[in-house]
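Trainee: With the hints as constraints, model all of the structure from the sequences given.
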Amino acid sequence: MGKRVIVKITQLTKKHGISLRELSRISDVRHAALSELANDKRESINFNHIIRIAESLDISDIREIIDLVDTVDTN
Numbered sequence: 001m002g003k004r005v006i007v008k009i010t011q012l013t014k015k016h017g018i019s020l021r022e023l024s025r026i027s028d029v030r031h032a033a034l035s036e037l038a039n040d041k042r043e044s045i046n047f048n049h050i051i052r053i054a055e056s057l058d059i060s061d062i063r064e065i066i067d068l069v070d071t072v073d074t075n
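Residue numbers for the sequence shown follow UniProt numbering, so the first one is 1 and each next one is one higher.
Do not take every clue at face value.
Said to hold, decoys possible - In silico SDA-like links for lysine to any residue, alpha-carbon gap of 20 Å or less:
hint, residue 1, residue 2
1, Lys41, Gly17
2, Lys41, Thr13
3, Lys14, Gly2
4, Lys14, Glu43
5, Lys41, Val69
Since the hints were made in silico from the structure, they are not lab data.
Mentor: If you want it as structure tokens, here you go:
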């Protein structure tokens, strides 16, 4: 079992009462990139995106945005 980083886009939009499209607009991160992060479809994380999200939502603790979770071995 290993670890992986998840980006908590869905939780952030719910907590702040905004849509993914609104988060895209205020953070200047492409909607498609946010959608891929929200649906765990991205292989890598652009930390400039994380910084823009943090700044646009006035977040000072990165743990509100990303989390480290155990991966489940499906073999």
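Trainee: Now tell me if each hint is right for this structure.
Mentor: Going down the list of hints, with the structure as the test:
1. Lys41 / Gly17: Cα-Cα ~23 Å, so violated.
2. Lys41 / Thr13: The hint holds at about 18 Å.
3. Lys14 / Gly2: With a Cα-Cα distance of about 28 Å, the restraint between lysine 14 and glycine 2 is violated, given a limit of 20 Å.
4. Lys14 / Glu43: Violated, at about 24 Å.
5. Lys41 / Val69: holds, 16 Å
In terms of the numbered hints stated before, the structure departs from hints 1, 3 and 4, listed from lowest to highest.
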